Amino acid sequence: MQVIDAITNFYEAHNANVHRAVHTLSQEATELHEDAREKVAKFINAKDAAEIVFVRGTTEAVNLVAYAWGLRNLKKGDEVLLSLMEHHSNIVPWEIISKITGFTIKYAKVNEDGTLDYEDFESKFSSKTKLASLSHVSNVSGVINDVKRIAKVAHEHGSLMFVDGAQSVPHIPVDVRDLDVDFLAFSGHKMLGPTGIGAIYGKKTLLETMEPFQGGGEMIKDVIFNQKIGSCGIYWNEPPWKFEAGTPNICGSVGLMEAIKYLENIGMSEVLKYEKMLTEYAVKTLQSCCTKLALYGSSDHTIKCGIIPFGIVGLSSHDVALFLDTYGIMIRSGFHCAQPLHQIFKLQSSARASFYIYNTREEIDRFAKVLKEIEQS
Amino acid sequence: MLAIEDYIARIEETCGEDKGAIVTFKYDKKDEAIAKIRNKAQLKNSISGIILEFAFQGISFRVFSSGKVIFRGINKEALREILAALLL
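So the protein sequences, as listed, match chains A and B. Numbering that gives the first Met the number 0 applies: residue 0 is where the first sequence begins, and numbers increase by one. Numbering that gives the first Met the number 0 applies: residue 0 is where the second sequence begins, and numbers increase by one.
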C-alpha cells in the first residue's frame with residue numbers, strides 16, 4: 000500500500016514533467032524524482048547520486064551499457080566474458096553488439112549443481128578482456144555468485160565488471176563500493192516497486208566518458224544551429240541525465256523510492272535471513288513429503304536466495320504451473336529466459352518457486368500439499 | 000458465423016518442452032469450450048479433475064479446469080485447425 004499510495008499521491012498532487020519548467024508542480028516532481036535517485040544511491044552505497052541512471056529495468060540497463068559503452072569501446076580482438084547461467088538479457092545485447100563490432104564473447108562454465116565454475120571464469124581473463132558481466136544471483140537456481148572475487152580478477156586484467164543485480168538487490172544487502180563493480184543494474188518490480196522502472200549504477204568516471212544511449216529531451220545541454228555549416232552542434236548534459244532521454248518514468252521512480260524505504264525499514268540483512276529460512280523450510284518440506292519431485296541445482300540453502308527450481312516426474316513444468324494456478328499458487332515455468340543453464344541441467348524446462356518477504360511457512364505447507372496431490376493423481 | 004476467436008482470449012507459445020502452445024479461453028466461454036472438447040475428444044486421463052488429458056485426431060493435449068489448454072509439438076496452422084475442429 001505504501002508504494003501504491005506514493006504513486007497515487009504523485010499523480011494527485013505533484014504530477015508534472017521534471018527538469019522542464021519553473022512552475023511549482025514541475026519543481027515538486029523534480030524534487031521527488033531526484034530524491035528517488037538519492038535514495039537508490041544510498042541503498043546500494045553508491046558514492047554519488049549522479050552514478051544512478053534510471054532505466055526501464057535491468058534489460059534496458061544492459062542494453063544501455065552495451066550500446067553506449069560497448070559499441071564504442073569494443074572492437075575486433077577484444078573479449079567480453081559472460082557465464083552460462085546468465086539471463087538472456089545479459090547475453091543477447093552483447094551478442095548483438097559483437098556482430099556489429101567484431102569482438103569475441105567467451106562463456107564461463109557452470110557446474111552441474113548450478114554454481115559458477117570460478118576457476119574457469121578466472122582462467123578466461125586475459126589482456127584482451129575488456130568487460131566481464133555476471134549475474135549476482137541466478138534467476139533460475141538462486142545461487143549467489145561471489146561477484147567481488149570476479150571483480151577483483153577483472154580489474155587485475157584491466158577489465159570492467161558489470162553485475163546483473165536483478166535478483167540480488169531485492170534480496171540481499173548490496174554495496175557497490177565494497178563489491179568494487181563498475182556497473183550494477185536492477186529492476187524495481189522485483190523489489191516491491193512498480194514495473195517499468197529500474198536503475199543502473201555506473202562509476203562516475205565511466206559515465207562521464209560514455210556517449211549517450213538515446214537522444215532527445217533531458218540528455219541535451221545545448222543544440223546550437225550553425226548557419227555556416229547548416230547543421231547543429233550538440234552538447235550533452237552531465238551524467239546521469241545524459242543517459243535519460245525523454246520524459247522519465249517519474250511515478251516509477253517515486254514508487255521505487257517508497258519500496259526502498261519499506262525494505263530499509265525491515266533491513267536487507269533481515270530480508271535475506273527470512274528468505275533463507277523460507278528456502279530451507281521449503282526444501283526440507285518438499286523433500287520429506289514429495290516423492291516424485293526433483294529439486295534442481297544446489298540444495299545448499301546457505302549459498303542461495305529464495306528460489307527453488309524443480310520438476311515432477313511425468314509432468315511438464317507448464318502442467319505443474321497450471322495445476323498450481325488453479326489453487327491460486329503462482330509459479331514460473333519454462334526456461335525463465337535462461338536457456339543455456341537449462342542445457343547444463345539437461346532439462347527441457349523447469350518449474351520455479353520463488354519466495355519473498357510476504358511469503359509464509361503456511362504458504363509453503365499449502366504449496367507442498369498441492370504438489371503432493373499432483374503426485375498422487 | 001462462429002470463429003475460434005469467439006472462444007479464445009490468447010494463444011501463447013511456451014518455452015521449453017516441445018515448443019508447444021498454451022491456449023487461454025475467454026472467461027465467459029471457457030465452460031462452453033471445455034464442454035465442446037469433452038463431446039468431441041476422447042478423455043484419456045484425469046488428474047484430480049483439474050488436468051484432463053484428451054486425444055483428438057491423433058493429437059494429445061491437456062485441458063485445465065481454469066480454462067487453459069496445453070498443446071505440444073504443434074505448429075500454429077495445425078493448432079488453429081484442431082481448435083476449429085474442436086470448437087466450431
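No wet-lab data here; the hints were simulated from the structure. Heads up, some of the hints might be wrong.
As the list claims (entries may be wrong) - 27 Å max Cα-Cα, derived BS3-like pairs, lysine-lysine:
{"id": "1", "chain 1": "B", "residue 1": "Lys18", "chain 2": "A", "residue 2": "Lys345"}
{"id": "2", "chain 1": "B", "residue 1": "Lys43", "chain 2": "A", "residue 2": "Lys291"}
{"id": "3", "chain 1": "A", "residue 1": "Lys283", "chain 2": "A", "residue 2": "Lys272"}
{"id": "4", "chain 1": "B", "residue 1": "Lys39", "chain 2": "A", "residue 2": "Lys371"}
{"id": "5", "chain 1": "A", "residue 1": "Lys368", "chain 2": "B", "residue 2": "Lys39"}
{"id": "6", "chain 1": "A", "residue 1": "Lys123", "chain 2": "A", "residue 2": "Lys202"}
The structure displayed is predicted, hence computed values, not measured ones.
Query - Violated hints - listed by number, lowest first - result: 4, 5
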